[in-house]
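**Q** Under our numbering, think of the first position of the sequence shown as 44, with each following residue one higher.
These are computed hints drawn from the structure, not numbers from a lab.
We put the beta carbon where it would ideally sit given N, CA and C, even for glycine.
One or more of the hints may lead you astray.
Label-pair restraints from in silico Cβ distances [said to hold, decoys possible]:
| id | residue 1 | residue 2 | range |
| --- | --- | --- | --- |
| 1 | LEU331 | GLU164 | 36 to 46 Å |
| 2 | ALA80 | GLU164 | 30 to 40 Å |
| 3 | ARG391 | GLN218 | 38 to 48 Å |
| 4 | GLY50 | GLU213 | 39 to 49 Å |
| 5 | HIS381 | GLU329 | 44 to 54 Å |
| 6 | SER312 | HIS151 | 44 to 54 Å |
| 7 | SER86 | ASN386 | 44 to 54 Å |
| 8 | GLY210 | VAL330 | 44 to 54 Å |
| 9 | ASP417 | ARG336 | 43 to 53 Å |
| 10 | VAL351 | VAL330 | 23 to 33 Å |
| 11 | HIS156 | SER86 | 49 to 59 Å |
| 12 | VAL317 | GLU164 | 34 to 44 Å |
| 13 | SER314 | GLU97 | 32 to 42 Å |
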Amino acid sequence: MSDRALGVEQVRRDNLARVLRIVHENGPQSRSELTRATGLNRSTIGTLAADLAELQLVEVREPVLTRRVGRPSPMVAPTDRTVVLAVNPEVDATELAFVGLDLTMHHHIRVEHTRPPTPAETVALISDTCDSLASDLPGRRLIGIGVAVPGLVRAADGFVRDAPHLGWVEVPLQQLVASATGHPVVVGNDANLGAIAEHVFGAARGHDHVVYLNGGASGIGGGLIVHGMPVGGASGYAGEFGHNRAVDGEVLETTVSRTRLLETLGLASASDAVLAAALAGTTAPEVLAEIDRQRQVLAASLANVANVLDPSVIVLGGFLAMLAERAPEDFTAVVAEHVMAPNAEDLRITSAVLAERRLLVGAAEAAFAEVLADPLGVSLTPGALPTA
Numbered sequence: 044m045s046d047r048a049l050g051v052e053q054v055r056r057d058n059l060a061r062v063l064r065i066v067h068e069n070g071p072q073s074r075s076e077l078t079r080a081t082g083l084n085r086s087t088i089g090t091l092a093a094d095l096a097e098l099q100l101v102e103v104r105e106p107v108l109t110r111r112v113g114r115p116s117p118m119v120a121p122t123d124r125t126v127v128l129a130v131n132p133e134v135d136a137t138e139l140a141f142v143g144l145d146l147t148m149h150h151h152i153r154v155e156h157t158r159p160p161t162p163a164e165t166v167a168l169i170s171d172t173c174d175s176l177a178s179d180l181p182g183r184r185l186i187g188i189g190v191a192v193p194g195l196v197r198a199a200d201g202f203v204r205d206a207p208h209l210g211w212v213e214v215p216l217q218q219l220v221a222s223a224t225g226h227p228v229v230v231g232n233d234a235n236l237g238a239i240a241e242h243v244f245g246a247a248r249g250h251d252h253v254v255y256l257n258g259g260a261s262g263i264g265g266g267l268i269v270h271g272m273p274v275g276g277a278s279g280y281a282g283e284f285g286h287n288r289a290v291d292g293e294v295l296e297t298t299v300s301r302t303r304l305l306e307t308l309g310l311a312s313a314s315d316a317v318l319a320a321a322l323a324g325t326t327a328p329e330v331l332a333e334i335d336r337q338r339q340v341l342a343a344s345l346a347n348v349a350n351v352l353d354p355s356v357i358v359l360g361g362f363l364a365m366l367a368e369r370a371p372e373d374f375t376a377v378v379a380e381h382v383m384a385p386n387a388e389d390l391r392i393t394s395a396v397l398a399e400r401r402l403l404v405g406a407a408e409a410a411f412a413e414v415l416a417d418p419l420g421v422s423l424t425p426g427a428l429p430t431a
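Using the sequences and the hints given, assemble the complete structure.
**A** Structure, rendered in structure tokens:
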């Protein structure tokens with residue numbers, strides 16, 4: 044193939060990726076909207092949409108009828124026929140869901156544990172879930188797997204260096220899952236993936252400087268967006284805010300703790316929805332005192348974050364959002380008391396919009412990364428053939 048032909052093919056691939064990412068991140072778009080967003084002409088957009096539809100990555104739908112003069116433009120929408128498996132293993136439960144390019148979640152399940160799952164048990168659960176795709180979701184195809192792990196994950200190869208609450212040390216999880224399932228696999232830190240999800244689809248959308256803190260059963264993790272890009276650090280371990288010292292020599296995640304809240308409520312375990320309802324409905328003095336104590340410590344820690352990183356928004360996920368939402372204006376005011384005045388001027392503190400879906404959406408986004416970057420290269424691989 045000549046250099047010119049190679050250049051033309053690369054431009055086509057780049058344009059396919061541009062169109063796919065726009066509809067994936069923004070939902071259904073008319074061909075006219077895509078023309079304006081990309082600067083390409085209507086004919087080219089029509090061809091690209093048809094190519095993506097043939098690859099089962101988008102659907103071209105009948106136009107929405109309006110009173111405007113002229114022929115309405117067909118709609119291009121991300122499809123739920125092409126899916127990835129998103130997984131979030133935690134100490135109390137493992138959540139899994141098949142996620143479509145339109146962010147629709149299929150077969151979302153929560154498998155509760157009486158003890159933290161082992162890597163082998165997690166791999167077996169993922170493999171069994173993959174095998175259920177053909178029977179549970181006929182007509183859909185699986186193109187990858189994303190796993191959000193509460194621990195230090197080496198970015199280069201999805202190697203779990205240390206997930207202390209799970210008890211996983213030096214686990215080649217990406218390799219193990221790929222070998223068991225035959226599918227491409229991406230493994231990342233849960234909070235880093237949650238930060239990406241909220242930046243692309245949620246509360247941090249449109250912000251270039253973001254701090255995300257995730258409060259889960261394993262503790263507190265964090266993710267950073269700087270100049271619009273995720274920051275993983277030298278090896279991918281950045282964002283471990285939960286291990287910073289807070290009060291009396293304790294690290295943040297031991298003094299601001301989901302486990303402490305559950306114990307005060309008299310609950311052995313609970314999903315985020317159950318915990319949120321219990322906290323919102325409580326009038327017990329000991330629970331209210333524990334909530335207030337944790338809010339004060341969290342506010343001081345967030346002030347440190349704001350002073351060091353100067354984000355435009357701090358997004359809180361999981362039980363951290365529940366603490367802030369107890370009295371959001373008061374909580375923001377307490378944080379502002381500890382922040383240097385200029386740093387506090389434009390700072391927003393908000394809850395994760397994706398709520399309980401945030402980590403699964405982040406894991407799915409990691410698994411979709413290759414197809415979003417090059418729809419042709421990924422979609423035509425043998426592992427991406429339709430399941431039905």
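**Q** Now tell me if each hint is right for this structure.
**A** Hints, one by one, checked against the model:
Our hint of 36 to 46 Å for LEU331 and GLU164 holds, since their Cβ atoms are close to 38 Å apart. For ALA80 paired with GLU164, a C-beta distance near 45 Å fails the hint of 30 to 40 Å. Restraint check, ARG391 to GLN218: a C-beta distance of roughly 40 Å satisfies the suggested window 38 to 48 Å. Between GLY50 and GLU213 the beta carbon distance is about 44 Å. The supplied range of 39 to 49 Å therefore holds.
Against the hinted window of 44 to 54 Å, the Cβ-Cβ separation of HIS381 and GLU329 comes to about 26 Å, which falls outside the hint. Taking 44 to 54 Å as the suggested C-beta distance range, the pair SER312 and HIS151 does not conform, at roughly 18 Å. About 50 Å separates the C-beta atoms of SER86 and ASN386, a value consistent with the hinted range of 44 to 54 Å. Against the hinted window of 44 to 54 Å, the Cβ-Cβ separation of GLY210 and VAL330 comes to about 29 Å, which falls outside the hint.
Under the hint 43 to 53 Å, the C-beta atoms of ASP417 and ARG336, about 50 Å apart, fit the expected range. As the Cβ distance of VAL351 to VAL330 is approximately 32 Å, the hint placing it in 23 to 33 Å holds. Between HIS156 and SER86 the C-beta distance comes to about 55 Å, which sits within the given range of 49 to 59 Å. Separated by about 24 Å at the C-beta atoms, VAL317 and GLU164 break the suggested range of 34 to 44 Å.
Separated by about 40 Å at the C-beta atoms, SER314 and GLU97 satisfy the suggested range of 32 to 42 Å.
Comparing the model with each numbered hint stated earlier shows that hints 2, 5, 6, 8 and 12 do not hold.
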